[in-house]
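Generate coordinates for the entire structure from the input sequences, incorporating the hints supplied.
As a plain string of letters, each chain reads:
Number of protein chains: 2
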Amino acid sequence: MYFDDLPVGYSFETAERELAEAEIIAFASQWDPQFFHTDPEAAKSSPYGGLIASGYHTLLTAFTLELASNVWTEASMGSPGMDALRWLRPVRPGDRLRVRVEVTETRPSRSKPDRGITRFAHTVLNQHGEAVMTYETMVILARRPDASAAS
Amino acid sequence: MYFDDLPVGYSFETAERELAEAEIIAFASQWDPQFFHTDPEAAKSSPYGGLIASGYHTLLTAFTLELASNVWTEASMGSPGMDALRWLRPVRPGDRLRVRVEVTETRPSRSKPDRGITRFAHTVLNQHGEAVMTYETMVILARRPDASAAS
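In order, the protein sequences belong to chains A and B.
Using the numbering used here, the letters of the first sequence correspond one by one to residues 1 to 151.
Using the numbering used here, the letters of the second sequence correspond one by one to residues 1 to 151.
Since the hints were made in silico from the structure, they are not lab data.
The structure presented is a predicted model; accordingly, all values stated were derived computationally and were not measured.
Among the hints, erroneous ones may be present.
In this list, chains with the same sequence are indistinguishable; a pair is considered to hold if it fits within one copy or across any two.
Stated by the list, open to error - The list that follows gives simulated cross-link-like pairs (lysine to aspartate or glutamate, DMTMM-like), each with its CA atoms no further than 25 Å apart:
no., residue 1, residue 2
1, Lys112, Glu136
2, Lys44, Glu13
3, Lys112, Glu23
4, Lys44, Glu18
5, Lys44, Asp114
6, Lys112, Asp4
7, Lys44, Glu74
8, Lys44, Glu130
9, Lys44, Glu136
10, Lys112, Glu18
11, Lys112, Glu21
12, Lys44, Glu16
13, Lys112, Asp146
14, Lys44, Asp83
15, Lys44, Glu21
Rendered as structure tokens:
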């Protein structure tokens, strides 16, 4: 879908993905080598009482789920940034994540009539329906060719 | 270093790391499979005129550089979140990244005297000294044992 097909209030939900312990450890060993992400034994004495996924692993899992849902993927021209990310609850081995996404702001580009900027609010949910992470992104999206000609 | 050793205004700079084309493509193939991150030929016709690193690759490279600098790593008890992330300039194959980090806020925990929350402002620089990304993180840091007893 194009910029013009995603008005404020449009929402969708992604597929679900499980994070297995081995993946959690592999990701964190490369990108976030803190013991409560990489060592199940040592993690028992951490504030989390056991192994938890790196928050960056949760973020990237959410992002790939969103891309794979293919709502705005083909119109994407990149992203200027991200706001208000909060890691609300630990993600543990075997948790299954999915993402609820809602358009909260749309702004046609003033200088470039072929694109606009869309702000998406995300809630990442686990298999119990609990929010584990929330965040906002902005994405530059191509306009529908006929729409940009008309604006 | 502990929470108490990192007052507002404390700053440090990380080591530098180069992002090679093969790494950029490998990361994006798994986590951000958009053609301007994965296909050098097709990327020439993108708004960026060539292959650029996923912004998440830049973020994780910055984070691992920060962890490896070992300033607050051992006191870390995790992070509540991240704010105001902006991808300012493309990162291209061969670019060398380093991070300037500054403490902008410190807040001892009211309920848990053994820890505090520290806010860090980050500027990721390329080899030309240009800012390619800025963002803020909050990190929960353990207090120095004598400091928490005294507070």
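Hints versus structure:
For a Cα distance limit of 25 Å, the shortest separation of Lys112 from Glu136 inside one copy, 23 Å, qualifies, whereas the shortest one across copies, 29 Å, does not. For the homomeric pair Lys44 and Glu13, neither the shortest alpha-carbon distance inside one copy (33 Å) nor that between copies (32 Å) is at most 25 Å. For the identical chains of this complex, Lys112 and Glu23 are neighbours neither inside a copy (41 Å) nor across copies (32 Å), given an alpha-carbon limit of 25 Å. In this assembly of identical chains, the alpha carbons of Lys44 and Glu18 lie at most 25 Å apart only when taken from the same copy (22 Å versus 36 Å across copies).
Only between protomers do Lys44 and Asp114 lie at most 25 Å apart by alpha-carbon distance; the minimum there is 18 Å, versus 53 Å within a single protomer. Proximity of Lys112 and Asp4 under a CA criterion of 25 Å is satisfied intra-copy only: 15 Å inside one chain copy versus 49 Å between copies. Taking identical chains as interchangeable, the C-alpha atoms of Lys44 and Glu74 lie at most 25 Å apart only when they sit on different chains, with a minimum of 16 Å there against 43 Å within one chain. When the C-alpha separation of Lys44 and Glu130 is checked against a cutoff of 25 Å, the pair qualifies only within one copy, where the shortest distance is 23 Å, while the shortest distance between copies is 42 Å.
Taking the shortest alpha-carbon separations for Lys44 and Glu136, neither the intra-copy value of 32 Å nor the inter-copy value of 29 Å comes in at or below 25 Å. Taking identical chains as interchangeable, the C-alpha atoms of Lys112 and Glu18 are never at most 25 Å apart, the minima being 40 Å within one chain and 33 Å between chains. Proximity of Lys112 and Glu21 under a CA criterion of 25 Å is satisfied in neither setting, with 45 Å inside one chain copy and 29 Å between copies. Within a single copy, Lys44 and Glu16 get their C-alpha atoms no closer than 27 Å, and across copies no closer than 34 Å, so neither meets the 25 Å cut-off.
In the homo-oligomer, the alpha carbons of Lys112 and Asp146 lie at most 25 Å apart inside one protomer (15 Å), although the nearest pairing across protomers, at 58 Å, exceeds that limit. Taking CA atoms no more than 25 Å apart as the test, Lys44 paired with Asp83 passes in neither setting, with 32 Å inside one copy and 29 Å between copies. Proximity of Lys44 and Glu21 under a CA criterion of 25 Å is satisfied intra-copy only: 14 Å inside one chain copy versus 39 Å between copies.
Taken one by one, the earlier hints fail for this structure at numbers 2, 3, 9, 10, 11, 12 and 14, listed in ascending order.
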